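**Student:** Each chain, letter by letter, is given below.
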Amino acid sequence: MEPGGDVALDIIVSNVVAVFRVRCHLNLRTIALEGLNVIYKPEFGKVLMKLRKPKITASIWSSGKIICTGATSEEDAKLGARRLARVLQKLGFKVRFSDFKVVNVLAVCSLPFQIRLIQFAKNNRPIASYEPELHPAVSYRIKHLRATIQIFSTGSITVTGPSVQNVATAVEQIYPLLFECGRALR
Amino acid sequence: MRVCKTCGCSDIDVDQARGSAVCMSCGSVLEDNIIVSEVQFVENSGGGSSAVGQFVSADGPAKAPVLGSGFHTSLGKESRAQTLSNGKRQIHNLGSQLQLNQHCLDTAFNFFKMVVSKHLTRGRKMTHVIAACLYLVCRTEGTPHMLLDLSDLLQVNVYILGKTFLLLARELCINAPAVDPCLYIPRFAHMLEFGEKTHEVSMTALRLLQRMKRDWMHTGRRPSGLCGAALLVAARMHEFRRTVKEVISVVKVCEATLRKRLTEFEDTPTSQLTIDEFMRVDLEQECDPPSFIAGQRKVRIQQLEQDLSQKLDEYQGEITLYRDEIETELENSRPKPRGMYAAYAKEATSRTEPESDRLSLKLGFIGGEEEEEDEELEAAAEHLGQEIISQVLPELKGRPSAGKEGQEEEVEEEEEKERRRRRWSSIEGAPKRMHLPLISILGPLPSASSLGLKDTLKECITDNGEHDDKSESGELDLEGIDEDEIEKYILNENEVEAKTELWMKQNEDYLQEQKEKEERIAKEKELGIYKEKPKKSSKKREPIQANTAEEAIEKMLERKKISSKINYDVLRDLNSKGSGSGSSPSHASEDASTTTSSAGRKRLTRRKKQPSKSNLGLAKPASLMGKRLRPLIASSTKKKRTASEAVTSPLPSPTAAATTSPEAHAAAAVPSSPPPVLESVPVEYDEPAEEEEDEEEAEVEEPCVSAIQLLGGNEYGCDAEEEEAF
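Here the protein sequences come in this chain order: A and B. Just so we're aligned, residue 1 is where the first sequence starts under the numbering used here, counting upward by one. Just so we're aligned, residue 187 is where the second sequence starts under the numbering used here, counting upward by one.
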C-alpha cells in the first residue's frame, strides 16, 4: 500500500469553466459588430468571444449572463472574466462585474501504473460503473465531493469537479483504491 | 374440519349441488347457498354451450378485478394496471424476438414492476425502459445478448439505451456482472457455421481470448471486437476460410476495429508461436495494454524531438557565431547599411535587450515563449485583419474617401507586409520552437511587430496599471487588465463598417427569415388574429386567492386538472362530516377564518386534523406537481402547523386549554389573539409542532375512515391519482 505521505502526482488542470453576470442587458449585435474575435450565433441567441490572453472562450447572452471556458486555472478564469467585462464596458454597456463562480474544473492526471478495470469495478460495486460496450473507462462518482473520475486502463484518469480543491481531494481519495487494483509498471 | 355449533360433532355433509352444509348428527343446516367454484355452462342462441365467467389474469390488478365497463368508473388503479399489462406485453414481444426463456421474461417483468413503482418510467420512452429491463436480465443471467442486439431490434441509438440501462441498474441497486467476451463465443461460432467442428473452434477461440486477457488487450474494449478477432484466428487455425467481412457481419464491429485487434495481437509474443505450440504452451509473460504502448511511443517520440531540438540549438549556436561574424564583415565591407532596416535594427536591438532580460526575469522562459508566440499571432491576426478590411472596403464601398483611406492603409500595409514577409521567411528557417537566442539570430526584428511587444512591455513596467474600485459593489476591478490590449479588441469605425457589411451578407438568410416573421406578426396583429408567441408557456400563473383551504385546493385542482374523478362534493363534506368531536370547533374555526381572513392575507385557518390529513393526501399530488404549487401547499401546511403551533405554544391565556384539548379551544385561541399569532407565524416551524400534529392525527384516525373510504381506497388510491396527474 502506498505510504500515507503526499503523492508526487502532477494533476494538470486543463479546463476551468466559470459563470458571471454583468447585471445589464447587452445588445448582442453591437458586440458582434464592434468586437474583434467574436462569433455571433443568432439561432442560439449568443455571442462567442475569444480572448487571447488568457486563452478563453466566452459565451455572452443578451441577459447579461456570461459563461467563460478554456481557462487553465481559477485565477486565470477570473482574470479573463474581468477582461471580458472591461471590453464590454468599453463598448459602452454599463457593466457591473458580479456573481463570479467557478462551476467546473477538469483535470487530468497520469498514474505511474496500469489498472485492472474489471477488478476495480467489482471492488467498488455501486459507486463505480464500467460498461465496456459503451465507454472504455470506469466512471466513479464521489457524491459528497460532487466529483466524477474517469479511470482508464493505462493509468490516466480525468477528474471533473466544482473546484480545484475538490479535484485534488478526489485524486487523493481515489489513489489508494486504484493502487490496490493496479499493476506495477515494467 | 369444521364443527357443528349445536351438537359439536364434526361430521358435516357438504352438498355441492344444493350448495348446503348439514350436520349429520343433529341435522342443523350450517350453511346455505355455498359459493361454488365450478364452471357453469350456458346455452347460446346457436345451440352451443359456453362457459360462464371471464378469464382473469394471474398477475393482473391485484385488488379490483376489471369490470366489463370498468375502465372509467373505478378510481385510477386502472392506470397502473394498464401500464403493467402494457409493459408485460411489450416484454414478451421483445423477449421472444431475442429467444429468451419464460423465466427470463418473468424476471424482466419483475424488474419492470420495480421500476414502475419507483416512478422511473416517467420522462422515458416505454420502449427504452423495457429494453433496459430485458438487458438487465440478460446480464444477470449471463445470456449472450448484447446491448447492440436490442438497439438493432428497436432501431435506437445504443448509447441512449445504455444510459437508461445504467440508470435503472443504479436505481434498482442491481450489480450486473461485467461482460465476459467468452460468453459470446458459442453464439458467434454457431452463426459462422463451422459445422461439426464448431466446438473445437470455440475452444480454440476461448484459449485465444484468455491469452488476450492476460495480454491486457481486453480492458476498455468492446467484447464483441475481441471475440471477432479470436474467432477469425481460430477459424484460420482450423483451416476454415472466413473472411473479415463475414466475421464483421456476425460480430457487428467495423473492419478497422477488427484489423486493429489483429495487429495488436500480432504484437504480442504469443503470436509467434505455432499452432501446436499455442495449444500446448501458455507463455508466462504478460504484455502491456496496447493503448499504453501507444502512449509510451508518443512519449518516446516527444523525447526524441526534444533531443533533436536541443541538438539543433547547439548547432544554431555555432551557426549564429558564424553568421554574426559574417554579418559584421559584410557591414564593414558595405559602405552604408540598408536604410530603414538599420534604424529598425537599432531600435530592435535596443528593445530586445531590455525586453529579453525582463521577459526572462519576470515571465520565465516558457512564459516568454508564449508571449512571443502570442505576439506573432497578434501580429499575424492584425495583418490578416488589415488585409481583409482593405479588400472589403474598396469592394463594398467604392467611394473615393474610402478609397483614400484604403490607400493610406494600403501604404501602411505595404510596409507591414514587407516586414511580415521577412519575418515569416526568417521564421521558416529557424526550428519550430522559438527560443530567446533566436531573436538575435533572426537579426533585426521589425519594429511594427513590436506592437505586441509594446503591450507586454507596458505590462511589465506599469505593473498595477489601473486601480479602480474593487468589485465589492459589483464594480469592475481593473487590476491587472491591460487597457491597450483591450482596445485592440474593439474595432475602429472602418472596421466596424466592413464587418457589418460582411456579417449582413453572411447572415442574409437568417435576417430574411426574421423580417418575414415580423411582417407576418404585423399582419396578424392588424387582422386581430395575433397569436401570442407560442414559444414557452410561462409557468407563472397568478397565485390562487382563496379564503379557505378547501377553496384553495379546489381551485388548484381545477386549474391543474388532476383528475375528473375527484368528487368535489365529497371534498367539501369532509370538513363538516368528518369531525368526530362535534361540529362546533369547525364552526368556530370557520368563524375564525372569516375574522382572520379580514386581516387581508391569503391564510388558511386552523383545520380539523383529519380533513387536513385527507387534504394533505390530496395535496400530495399537488405538491408533486410543480414548484409553483409547492410553496402554496407548503405554506398552507406550514401555516396550518404554525397555527397549531401558535395554539399549542405557551400563550398566556389559552395555555392549559391548548395543551389539553387544542382542537376544542383552537378556535377560541385563534380569534383571541390573531395579531400576535400572525407575527410569530413565520418565525418558527419547529419539530414539536409537527410531532404533536402527527400524534393528534393518529388519535383522530377512526372518524376519518369514512371520508377516505369515500375517496375509494387507501394510500394506494392517492398514489394512483398521482400517476394520473403525470
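Mixed in with the good hints there might be a few duds.
Said to hold, decoys possible - Straight line, CA to CA, 30 Å or less: simulated DSBU-like cross-link-like pairs of lysine-lysine: (1) A/K90 to B/K691; (2) A/K41 to B/K691; (3) B/K438 to A/K41; (4) B/K691 to A/K65; (5) A/K46 to B/K711; (6) A/K46 to B/K438; (7) B/K711 to A/K122; (8) B/K383 to A/K65; (9) A/K122 to B/K703; (10) B/K304 to A/K46; (11) A/K143 to B/K711; (12) B/K299 to A/K143; (13) A/K122 to B/K438; (14) A/K65 to B/K484; (15) B/K438 to A/K55; (16) A/K90 to A/K101; (17) A/K65 to A/K41; (18) A/K41 to B/K299; (19) A/K41 to B/K274; (20) A/K90 to A/K122.
FYI, nobody ran anything at the bench for these hints, they're computed from the structure. On a predicted model such as this, the values are computed, not experimentally measured, just so you know.
**Student:** Next step is simple, just say for each hint if it's right about the structure.
**Tutor:** Comparing the hints with the structure gives:
Taken as a hint, the A/K90 and B/K691 pair is honoured in the structure, with Cα atoms around 27 Å apart against an allowance of 30 Å. Among the hinted pairs, A/K41 with B/K691 is consistent with the structure: their alpha-carbon atoms are about 14 Å apart, no more than 30 Å. Proximity of B/K438 to A/K41 is assessed by CA-CA distance (about 39 Å); at most 30 Å being required, the pair is judged violated. About 28 Å separates the Cα atoms of B/K691 and A/K65, which keeps this hinted pair within 30 Å; it holds.
Pair hint A/K46 plus B/K711 holds up; C-alpha atoms about 29 Å apart against a cutoff of 30 Å. For a cut-off of 30 Å, the pair hint linking A/K46 to B/K438 is broken: about 41 Å separates their Cα positions. This hinted pair does not check out: B/K711 and A/K122 have alpha carbons roughly 65 Å apart, beyond 30 Å. With a C-alpha separation of about 68 Å, the suggested pairing of B/K383 with A/K65 is violated against the 30 Å cut-off.
Straight-line distance between C-alpha atoms of A/K122 and B/K703 comes to about 58 Å, which puts the hinted pair past the 30 Å bound. The hinted pair formed by B/K304 and A/K46 fails the criterion: a straight-line CA distance of about 39 Å is larger than 30 Å. In summary, the hint linking A/K143 to B/K711 is not supported, as the alpha carbons are separated by about 53 Å, beyond the 30 Å threshold. This hinted pair checks out: B/K299 and A/K143 have alpha carbons roughly 28 Å apart, not beyond 30 Å.
Between the alpha carbons of A/K122 and B/K438 the distance comes to roughly 27 Å, so the proposed pair stays at or under 30 Å and holds. Under the criterion of a C-alpha separation no larger than 30 Å, the hint pairing A/K65 with B/K484 is inconsistent with the structure, at around 41 Å. A threshold of 30 Å between alpha carbons decides the hint, and for B/K438 with A/K55 the separation of about 42 Å lies outside it, so the pair is violated. Among the hinted pairs, A/K90 with A/K101 is consistent with the structure: their alpha-carbon atoms are about 23 Å apart, no more than 30 Å.
Pair hint A/K65 plus A/K41 holds up; C-alpha atoms about 15 Å apart against a cutoff of 30 Å. Between the alpha carbons of A/K41 and B/K299 the distance comes to roughly 46 Å, so the proposed pair goes past 30 Å and is violated. Proximity of A/K41 to B/K274 is assessed by CA-CA distance (about 47 Å); at most 30 Å being required, the pair is judged violated. Between A/K90 and A/K122, the direct Cα distance comes to roughly 57 Å. Violation of the 30 Å bound is thereby established for this hinted pair.
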